[in-house]
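Visitor: Modelling step: build the complete structure from the supplied sequences, incorporating the hints.
So the protein lines, in turn, are chains A and B. As numbered in our numbering, the first sequence has no gaps in its residue numbers, which increase by one up to the final residue, 513. As numbered in our numbering, the second sequence has no gaps in its residue numbers, which increase by one up to the final residue, 513.
There may be inaccurate statements among the hints.
Identical chains share a label here; the pair holds if one copy fits it or two copies do between them.
[Claimed, not checked] Straight-line alpha carbon distances no greater than 30 Å define the calculated DSS-like cross-link-like pairs of lysine-lysine that follow:
no., residue 1, residue 2
1, LYS364, LYS511
2, LYS474, LYS336
3, LYS474, LYS511
4, LYS158, LYS336
Everything labelled a hint here was simulated from the structure, so no lab data went into it.
There are 2 protein chains.
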Amino acid sequence: MVEQKAKSTVTPELLDRLRMQVRSNPQTATEVIDQLKAPDAAEVINDLPLEDAALTISMLPVEEAVALFNEPSLERRHEILAKFELERAAAILSEMSSDERADVVRRLEMKYREQVLPLLPESVQNEIKFLLQFPPTTAGGIMSTEFIRIGPDISVSEALNHIRAVSKRRLHFYSIYVLDEDGSLLGALSVRDLLVANPHSSIKQVMRRYPISVNCMDDQELVARKLAKYNLLAVPVVDDKGRVLGYVTVDDALDVLVEEHTEDVQKMGGMEALDEPYMTTPLFSLIRKRAGWLVVLFLSEMLTATAMGYFEDEIAKAVVLALFVPLIISSGGNSGSQAATLIIRALALGEVTLRDWWVVMRREIFSGLTLGTILGSIGFLRVAMWSVFTDVYGPHWLFIGVTIFLSLIGVVLWGTLSGSMLPFILKKLGFDPATSSAPFVATLVDVTGIVIYFTVAAFVLSGKLL
Amino acid sequence: MVEQKAKSTVTPELLDRLRMQVRSNPQTATEVIDQLKAPDAAEVINDLPLEDAALTISMLPVEEAVALFNEPSLERRHEILAKFELERAAAILSEMSSDERADVVRRLEMKYREQVLPLLPESVQNEIKFLLQFPPTTAGGIMSTEFIRIGPDISVSEALNHIRAVSKRRLHFYSIYVLDEDGSLLGALSVRDLLVANPHSSIKQVMRRYPISVNCMDDQELVARKLAKYNLLAVPVVDDKGRVLGYVTVDDALDVLVEEHTEDVQKMGGMEALDEPYMTTPLFSLIRKRAGWLVVLFLSEMLTATAMGYFEDEIAKAVVLALFVPLIISSGGNSGSQAATLIIRALALGEVTLRDWWVVMRREIFSGLTLGTILGSIGFLRVAMWSVFTDVYGPHWLFIGVTIFLSLIGVVLWGTLSGSMLPFILKKLGFDPATSSAPFVATLVDVTGIVIYFTVAAFVLSGKLL
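Guide: Below you can see the structure in the form of structure tokens.
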């Protein structure tokens, strides 16, 4: 949140045109970017090849370059930085906000890191070292450290003067925390609280007590959910002794939630999370992340061939049975994916907890029976109607229809049940319920669906076709 | 953001225990809630039957009840309110924040609404009427109206005094906007900007020009993305003439994104979006929302039976072919779902735009060929290895293996291509790409997969098994 000179916003259409212009004509980039706010400029630069991107940013004044590097949406920040002269890279790093700087330094190659870090002021070097000790997806790994600390015993007007003095030195701060001598959190304040309070009151009279805080090792998703739940603009990050280390803001939380959403969706789609945008993920790593789960699913799905093998004699006697296999098993898969999706999301939002499994199971038994009866009836009608006009299902069409009807009820019920219960089981075992649940359910139901179908067929058609 | 008396936070485990205690013992609810912050209290109340929930809240002081009703996470707000005496309901409504109040009133039954609204102060009545004219998912439908308006020509110290005076009357404001005489937006300011500025400067010298704004009819998701992209705490909402009507805050944006995420996930899982938590959605409506897509998918999947029917003679001659049908078509479905998931998400995040379709297609052709070759090789190995030890695939096992190998390459390539291109086509046609793309692709690939498989088989096995 560095101050920048006022720039007007652009419509998405204009931005799109500018991106295309710059893509075909990279030397116009600096001029275009000069008119844009940093988040828009970042999008334009993301479209450029690395060399052009570095060249463009190197022609900007340092404070504009800093604003760009403070944008998490600017891709390849560490690679662009490494293209600059060391002095310029160091100048930009020193001015960046602490959280984004740590993020960039973390990705720099070790060799380059060793060259550039000694050029930074010692206080900045120490801060980077301090922040890099936290894993990148924890509260400590995403926090900023530029907050204002005040003591509980000064007056409101003293605090206001302190803030005025500090603000002139550093451009961005978000939060004001009241700490005791050990650095432990006593309370929180907003600038507005101070402005409205009686200037002669002491801080401990006007501060908000028991502020919500997070531990530095808490997972970033937990931090984001806490900010969202309690409608906070920022949450202080404390160590095990309750000392304030920094804070995480709500706009970081938004970024975290968008990132986690992407991971969830990719896991549900049956693949490893990419961690990078689709277009910039190297093709090889894209394929590797997809191949893993595809192979696992393929190996499990091989059981369908085994299952079908058990019923080879039945198929040979009544080839017509084979025709409906894809229809039957895909219905089980679809209803299973639906149920899995619903429950995974409800678990993630806390609408459903582990101890609700029994309620969910009852609801899903009823849903599965109803949905199965609907699909089964349509399936029966299809066989009946075709048999009126053609002879494709032979004289025993009625029994084939009944087989389809009963199998669909069984398969859809089974799909719904396994789809809704698997997320509970995964969560109980300590796994992320989103992990490939939907495709995994589909595979499970494919195999069992075949068994259900041919068992029903053996029962209904015994003495007729079989 | 109403001020409340300081309350400590609870751990999720303690909250869970309290929820269970209150569930089994509703008369302890008031006592438990009294110790909790409003978002935690809302969760406890959500677990109670409607009558108990209303009784519990009715025993709280008005300001505590208001804090609860300001929580969007409190479910059934309009139903609970309707259980209160009219005077109490009116007292709570008058004190609520404007955006949450509009949300509650919108859901009240018309008859009750007509009884309670006349008891509110006229200014509040007018404001409700004003907010209700906007559709609920637009910027106007989610905005708050409590902002501070100042003119451009007053001094910083005059502005500070004005804010102090206004703050004492209303408890919650977020933003300060600089308006001209017509109410048009000239600039924005934070309390911090004012505090740090020279007290004798005029507002127009210190305000931030060209603030980002949204139109009152903009969709809420667009508003949320704008707040996230530009790292804003709040964005002003203007009408077509540029006059400021209110503002949307970043915590509203968080709620909107979580809601849209849920809808996306449910659509990708092949069902209509629920709009309500899983547990409180009536079973009938849950089944209805699932049945629609299941039936559509079932009807399309019936084409598999038709497709299989064309190859009935081949199956009769070589029953062994039927055994591999589920394996082949599910591999196409899985790779198609993966590709669809990836592209839908990349489109939603703006990492990929419509004009990138050609780049994506090239990448996906290569990915599809590679993934298909991997799965095909595994499939061939399976046939080869089984044939060493058993006679299940007969003397022509080599040709069966080659059929499986080639079919898998074709089916996976086709799945990957259709999965990646369908979202582009849906978006180009103006539909939401998330709409059931994954299950739809799976169904499409099932049908075409059968055709690919048997065509390859006819070619490779002609003169041997067929």
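Visitor: The structure should be examined with respect to each hint, and the outcome stated for every one.
Guide: Here is what the structure says about each hint:
1. LYS364 - LYS511: both (11 Å within a copy, 21 Å between copies)
2. LYS474 - LYS336: both (23 Å within a copy, 26 Å between copies)
3. LYS474 - LYS511: neither (47 Å within a copy, 51 Å between copies)
4. LYS158 - LYS336: within (29 Å within a copy, 57 Å between copies)
Of the numbered hints stated above, the single one contradicted by the structure is hint 3.
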